[in-house]
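A.B. asks: Turn these sequences into a full structure, and let the hints guide you.
Each chain, letter by letter, is given below.
Number of protein chains: 2
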Amino acid sequence: MSAPVYKRVALIGLGLIASSMFWAMKRAGLSGEVTGYARSSETRETARRIGLCDRVCDSAAEAVEGADLVVLCVPVGAMSTVMEDISAALMPGATVSDVGSVKRHVIEAVSPHIPEGVHFVPAHPLAGTEHSGPEAGFAELFDNRWSLLVPVEGTEPVAVDRLRRLWEGMGANVDEMDADHHDLVLAVTSHAPHLIAYTMVGVADDLRRVTDSEVIKYSAAGFRDFTRIAASDPTMWRDVFLTNKDATLEILGRFTEELFALQRAIRTGDGEHLHQYFTRTRAIRRGIIEAGQDTDAPDFGRTKT
Amino acid sequence: MSAPVYKRVALIGLGLIASSMFWAMKRAGLSGEVTGYARSSETRETARRIGLCDRVCDSAAEAVEGADLVVLCVPVGAMSTVMEDISAALMPGATVSDVGSVKRHVIEAVSPHIPEGVHFVPAHPLAGTEHSGPEAGFAELFDNRWSLLVPVEGTEPVAVDRLRRLWEGMGANVDEMDADHHDLVLAVTSHAPHLIAYTMVGVADDLRRVTDSEVIKYSAAGFRDFTRIAASDPTMWRDVFLTNKDATLEILGRFTEELFALQRAIRTGDGEHLHQYFTRTRAIRRGIIEAGQDTDAPDFGRTKT
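So the sequence lines, in the order shown, correspond to chains L and E. So in this note's numbering, spot 71 of the first sequence is number 71, and the numbers just go up one at a time. So in this note's numbering, spot 145 of the second sequence is number 145, and the numbers just go up one at a time.
Take the hints with a grain of salt, since some may be wrong.
Stated by the list, open to error - Not the full set, but computed from the structure, chain E residues with beta-carbon under 7 Å of chain L:
| hint | residue |
| --- | --- |
| 1 | Ile196 |
| 2 | Asp205 |
| 3 | Tyr218 |
| 4 | Thr227 |
| 5 | Phe278 |
Unchecked claim - Rough simulated footprint, nothing fancy, chain E against chain L, three-plus residues with beta-carbon under 8 Å:
| hint | stretch |
| --- | --- |
| 6 | 27-36 |
| 7 | 87-100 |
| 8 | 125-137 |
| 9 | 152-164 |
| 10 | 197-206 |
No lab work stands behind these hints, which were simulated from the structure alone. The beta carbon of each residue, even a glycine, is placed where N, CA and C say it ideally should be.
C.D. replies: Pasting the structure below:
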């Protein structure tokens, strides 16, 4: 156990990320107390039942009282409303952070509500699963994953360092980058891939000439990988696309361009182009495995069903 | 152990599928003897070293001599050349089958070389991993996966039934369908998803404003799932796209149409459209899990790296 990094952490929103943070903080003793709040009374009841948070509060303002770290774990589109609720209750010297997948929009939505004397350090842990809700979290989620800190201009370095220690204590590697670059990098590594997976799954569901039961039975030939990503939380992802519009559309434009080039190669029978392309993409996979960011076990070492 | 279904099975081509077939046949005692042949002497040597096949032959013709089942396990584009090599050596009453991912083209390429008195029963096991080569195979690959038999007109039912027993003995579920429907179903569940994954990985690799090392480090946010599929064997996949051109291009056309509709929803801020779409795709995932075709474990129960 490390020494606690914060005396009291308040988690606003109790889904997959907040619940994983709670268990990861407990595992390493990173906070004296962890309070929690969720808008839905059903989620709060679930949290109480499974021991998620030391104290579950019935209002966001109550949860943040006396907290030296407040983490906004709600969909990106809800950040500003939450800030309206808690702004007056924030303790002087406290830090507000978040775990949103988009950073420029969150900064614009949250910054105006940050009182004088309160720090704001936006963050984004690159970790998750296709499951959501308070029961989906587990302590190991962030182990060896990256958490990106996106400090705004003028943030005191001491507040950033403290948050870094928290994330490292939860098992993550930490990098810093600016908001616009973050949003572009994530459009490539996360947002565009998610939209593409959603699209492919939607298309399969939509075909009249191939039945749903065929799509499901024969999904192990590649398709099922897409369905995992396309099972991610709809509200969270709606907000991501609406708030990282420009970067996502830019990458999707590049994607379409490339897809058309490959379609043309198929149509004209240009096997050499296809073979070269597929050889190059194979190398990226090796890079990811060597960087410890995925398993080399065949099929992800997938549990047999 | 079941009774052997064939006296001698010849595997032509010794990659992931052939090697998994060998181990699966051994596990259940499905063939008296299994011979094997690969074009590359390096592959033959590897096979001999790891005990893959009871007998590794230095020519395809030698491998098929006296075999009552010959399975073509080479890329789809190589089937016709292989048939030229073995046609004269096929035993009367023998069955020729294959494991190609495309069926109409294979039927057209192989049928003209099938001698009088030899059966031809095309097949396609919907199983695989991103690894390839003789050392990638394992006995459990086909367990609870589907293997599709695509008998051509006039095939004797007894030859089809016998091949069905072999696949069931190797752990697979077996369905029959006609070649054109097979090629369409697979375009949806396999070929289009693979091309899309290849494209997305290629785009990420190609961006000048996001470095390769960023793409790799931050890949756990969704992108890395695509890289597994995009690490599949380049030669095999080149041949799939060139030989299932029409169905693949049709599905890609539908995909592009749908992608444009979602892009427009993002651009115009139509959150309702996005949310509905993402909710629908989530249901397909549940169908696949209920059908036993994927694990419900978060992140595929991925081995932690």
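A.B. asks: Taking the hints in turn, state whether each one holds.
C.D. replies: Hints, one by one, checked against the model:
no., hint, verdict
1, Ile196, "holds, 6 Å"
2, Asp205, "holds, 6 Å"
3, Tyr218, "holds, 5 Å"
4, Thr227, "holds, 4 Å"
5, Phe278, "holds, 4 Å"
6, 27-36, "violated (count 0)"
7, 87-100, "violated (count 0)"
8, 125-137, "holds (count 7)"
9, 152-164, "violated (count 0)"
10, 197-206, "holds (count 10)"
Hints 6, 7 and 9 from the list above are not met by this structure, while the remaining hints are.
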